[in-house]
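Following the hints, position chain B against chain A.
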Amino acid sequence: MTKIKKLLFTDLLHNNQKPPLWSVRDMASDLTIIIPAFNEAKSIADTVKSLKNQTVKVARIIVVDDFSSDGTGEIARAAGAEVLRPEANTGTKAGAQNFALKSVTTKFTMAIDADTILAPDAIERLLPALQDPKVAAACGFVLPRYVRTLWERGRYIEYLFAFVFFKQVQDYYECPLISSGCFSVYRSSVLQANGGWSTRTMAEDMDLTWSFYQAGHKVRFVTGALCYPIEPNNYTFMSKQLRRWSHGFIQNFKFHWRGVLRVPYLRSVVIIAMIDAVIASIFNILLLPALIIFVSPLFAIIYLADLPAVMVPVLFQAVSRKETGLAISSIPAYFVLRTFNGFMFLEALITEVVLRRTLATYEKGH
Amino acid sequence: MNAGLPSAGIGVTFYLLATVAMPFFEIWRLFKRESGRLGWRFILRQLSIATNIILGISLANLFFDIVAPRYIGTNRSFTIFGQVAKLAHISNILIMPAILIAVLAVIEVASLIHVRSRTR
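Protein chains in written order, with the numbering used here: chain A, 1 to 366; chain B, 1 to 120.
Derived from the structure by calculation, the hints contain no laboratory data. Honestly, I wouldn't trust all of these hints.
[Stated by the list, open to error] Straight-line Cα separation of at most 27 Å, DSS-like style, residue types lysine-lysine; simulated pairs: (1) A:107 - A:42; (2) B:32 - A:134; (3) A:218 - B:32; (4) A:102 - A:134.
[Claimed, not checked] A few chain B residues that face chain A, going by a derived Cβ cut-off under 7 Å, partial list only: (5) 15; (6) 21; (7) 27; (8) 38; (9) 39; (10) 40; (11) 46; (12) 62.
Just so it is clear, CB atoms sit at the ideal spot from N, CA and C, and this is done for glycine as well.
Bound conformation, chain A alone:
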């Protein structure tokens, strides 16, 4: 019984066995970290410090001060990072990353958001995924740094569910849907051969991941490598982020669908995700409210019909992290976020597919 309990509830995040430290040290000495930053004065010092405090020492930490007006560059330099500043704002996160990529000479390149901190052993755990020469990118487990507001709580549940269930299954079949842009490591030669991060969509990390698959490379998800971004804590930031993500997904689908069809498993993951998102948006935003208004208010219960499906993976992880109370109290926020998410996806679908108007302005929203 104890063995079963240990198997089920041992913290998944700390379950992966670490490879020998010496081998990772060698890899880290050939690693450049790129942090694109636009007006990130409040968070950039913490990000740089968390990189300086890693269990392995990296070759370079570059902060791209994308023409900030709040002293981001000076703060990053004082924290110990090398700062590059373009002559004008590059307009996108990808643009800022590409600006630094030109100067990268190391074998590996890591991308981290300016509002993200890492667990002390995150790089040590993530880098070994690239020991397999077929692997072009690897990403880690994402958890919100703060879980206070309604939006952060909703995101906390969403991440626990997605990273404990969906992403694990995707990784088993060697096909994570996306190597998250907030914390990923890349093989520099493959990244540079791809032309860096593309600015043609609003989700440059998804674009890059799908391009890698189509070129025959592999991508890994490393459960034990933890990062903590600051998630949108209010309506304004959340709507900007979800607008970018929803439009980005549809743009990537439109751009890559032919190529994705050639990649086994990825094609199923991508198309199922698209069908699921479309049905969910129409059902939650249009059909269910109509049933509630015109037939019976009891239909509101259907909003909670998949509660068990959400709660199980969330509690599996929350129990082992001793965050059961936090997870349970955050569940209502998840349903609010999900409904809002449906609105944003429907808007993106109508704008991108029906009206054929592509979102091209990158609005920062954490």
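Only chain B this time, still in chain A's reference frame:
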């Protein structure tokens, strides 16, 4: 759901089926003398999550089907709701997996046609 994308259930069904298929894949790998990267411990954990999800959904369905009508009564709106809930129950068990399998089959056929048209 994938983070940032809404989900209606077809995705969960897909990942449940993919989890149930893991042991068979692992045995196939053993048969081919390949070593699975994540191993049986990982598979058992994911299977236990999947089993509990199925159990949770079944309990919710049971609540809608048997328990709720006894306590809420049999007024008209609940009867309609009960019928829809039953439909949802059948949908979870039969329709959703059937749709999923049909979608997966269409995807595979589409990929075959696409690959053939490119090689011509």
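message = For residue 107 of chain A and residue 42 of chain A, compute the direct alpha-carbon distance and say whether it is at most 27 Å.
response = Distance of about 31 Å is beyond 27 Å: violated.
request  = Given the hint that residue 102 of chain A pairs with residue 134 of chain A, test it: the Cα-Cα distance must not exceed 27 Å.
outcome  = holds, 23 Å
query = Against chain A, is residue 27 of chain B within 7 Å by beta-carbon distance?
reply = Interface hint status for residue 27 of chain B: violated (14 Å vs cutoff 7 Å).
inquiry  = Just to be careful: measuring from the Cβ of residue 39 of chain B to every Cβ in chain A, is the smallest value less than 7 Å?
reply    = violated, 10 Å
Residue 32 of chain B paired with residue 134 of chain A [C-alpha distance capped at 27 Å] = holds, 20 Å
Supplied contact hint for residue 15 of chain B, tested at 7 Å Cβ to chain A = holds, 5 Å
query = If you take the shortest Cβ to Cβ gap from residue 38 of chain B to chain A, is it below 7 Å?
reply = holds, 6 Å
key: Status of the residue 40 of chain B interface restraint (C-beta, 7 Å, chain A)   = At 10 Å from the nearest chain A Cβ, residue 40 of chain B fails the 7 Å test, so the hint is violated.
task = Verify the interface restraint on residue 46 of chain B: the C-beta must sit less than 7 Å from at least one C-beta of chain A.
result = Holds. Min distance 6 Å.
message = Hint validation: residue 62 of chain B versus chain A, beta carbon distance must be below 7 Å. Holds or violated?
response = violated, 11 Å
task = Take a quick look at whether residue 218 of chain A and residue 32 of chain B sit within 27 Å of each other, Cα to Cα.
result = holds, 20 Å
inquiry  = Quick check on the hint: residue 21 of chain B CB to chain A CB, less than 7 Å?
reply    = violated, 9 Å
Going through the hint list in order, the structure does not satisfy hints 1, 6, 7, 9, 10 and 12.
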